[in-house]
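Protein chains: 2
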Amino acid sequence: MRTAFYISDGTAITSEAFGHALLSLFPIEFNHQTIPFVETIEKALEVKEQINKVCARSNEPAVVFHTFVNNDIREIIASCDGVIYNFLEQFVAPLEKQLGMKAQPKAHKMYSIHENSYDYRIEAVNYALANDDGTKVTNFDDADVILVGVSRSGKTPSSLYLALQYGIKAANYPFTDEDMDDLSIPNFLKPYKKKLFGLTIDAQRLIDIRDNRMSNSKYASPRQCRMEIREVEKLYKKEKIPFINTTKFSVEEITARILSETGLQRCKY
Amino acid sequence: MRTAFYISDGTAITSEAFGHALLSLFPIEFNHQTIPFVETIEKALEVKEQINKVCARSNEPAVVFHTFVNNDIREIIASCDGVIYNFLEQFVAPLEKQLGMKAQPKAHKMYSIHENSYDYRIEAVNYALANDDGTKVTNFDDADVILVGVSRSGKTPSSLYLALQYGIKAANYPFTDEDMDDLSIPNFLKPYKKKLFGLTIDAQRLIDIRDNRMSNSKYASPRQCRMEIREVEKLYKKEKIPFINTTKFSVEEITARILSETGLQRCKY
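Keeping their order, the protein sequence lines are chains A and B. Take the first sequence: its position 11, counted from the start at 1, is 11 in the numbering used here, and no numbers get skipped. Take the second sequence: its position 44, counted from the start at 1, is 44 in the numbering used here, and no numbers get skipped.
Calculated directly from the structure, the hints in this document are not laboratory data. As the structure is a computational prediction, the values presented were derived from the model and not from experiment. Take the hints with a grain of salt, since some may be wrong.
Identical copies carry no separate label here, and so any pair may be met within one copy or between two of them.
List time: in silico DSS-like cross-link candidates among lysine-lysine, alpha-carbon distance up to 25 Å [said to hold, decoys possible]:
no. : residue 1 : residue 2
1   : Lys240    : Lys43
2   : Lys97     : Lys53
3   : Lys237    : Lys43
4   : Lys43     : Lys248
5   : Lys193    : Lys240
If we strip away everything but chain A, and leave its shape as in the complex, we get:
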């Protein structure tokens, strides 16, 4: 199997995003290796050795994705036996021309602490944890969005991702069995109706997930799962609550769709 290296003087998150986006276009498997924080000449020489060893063991050279802005380190990595893909290189010159100024590369700037965005995100994580699954006295006033849905439809991971990735405060409220007799928006949520965003999920997927947690329970029974989903979808439609079906979506897709449909602005770019 061919090896793909993702290397950076920072977290290597950008090199990974760049390399994965490209490699995902090809229907083959790679052995992925991420090497972050290559900040010194010594470390760069070590990494070069490591790449060369991998290349020597294989009859196909490794592919190497990097974003180094330091010339000395870049040259060392560029002299390895792997095939180098550096996306900054290709785009910096045209952007300099367009923007009418020289780039001012600083090492690992991309995922370091921005003035306020870090605090925003930590605050949003704390908010999501304190307002998760409607179990505690919930502060809906501060919510940017309130995710609703049946148990195990994806509310908690989505609210945490919204917090960590975008600094958005997402509360969440689960509709339970007791809500189902005559499902409506609970009174305490009515003042916040405009913040509600519904999640739903295919019945079979919900049955599988719940059965995994509580086998042979009423909670996981096909009848219960189908009824709950039917009721919440009816409610979403009746009350015109925007909603998405999470069955086939990753947490990135769910949250990107929530942002897109609500027009919520992220706190960090």
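Here the structure of chain A is known, so what remains is to put chain B in place on it, guided by the hints.
Then chain B, alone, in the frame of chain A:
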């Protein structure tokens, strides 16, 4: 202010990572606009209109970062009045040559559900929540890593990010005031010593964070904060627990360093 668009038929996370990495090299502000899920000709035409309006209002054309693989949509976007940067274009041909095969573009493949990685991550999020701040009976057997540190040193956001981003199960245990008289590794953690990873933080930063939460408390007092940090750092050194100071690091940097220093393998690429 110049506008930067990030557009995709998927989440646009890759376009954002690509565009931000480039724009962060320039010392100017941009008005950022992300438009995900541009999946149809109609939507592409709307987006083109939107870009053209922004360009017409400004004397500088918008910069447009995209990763479209569908030719029809790409051509529509490419015909807008903004300046187009499509990083796939520049790299696909060289990679095809290197890998000896044609790329097989599929729309929004990058952040869609991979076979098993989604479940891994949700399971890891549930694990992190159930094993947060040592409050419940904790299942350390299943932990990939156990973050330790004083209250508010970054354990919870880091464990959630490890789960959501990498599918890694991180438990966390806070050292409290009561632990401080004779700080040592608690007996129940001793069997897991190899999984421990310490976080520390500068005293002044800790004082500020705690004061924000509980003003004028012993918990937030300079003397208490300094003592706790001194004691945990002494413990880390004595017990050879690897540790990092989180003061100047974002959650991305903290978790990338944890992965790098522990050699933990992420469950998803």
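These are the hints, each one checked on the structure:
1. Lys240 <-> Lys43: Intra 57 Å, inter 23 Å, cutoff 25 Å: inter-copy only.
2. Lys97 <-> Lys53: between (39 Å within a copy, 23 Å between copies)
3. Lys237 <-> Lys43: between (58 Å within a copy, 24 Å between copies)
4. Lys43 <-> Lys248: Cα proximity of Lys43 and Lys248: across copies only (22 Å, versus 41 Å in one copy).
5. Lys193 <-> Lys240: Classified as within: same-chain Cα gap 10 Å, cross-chain 53 Å, threshold 25 Å.
Checked against the numbered hints above, the structure violates none of them.
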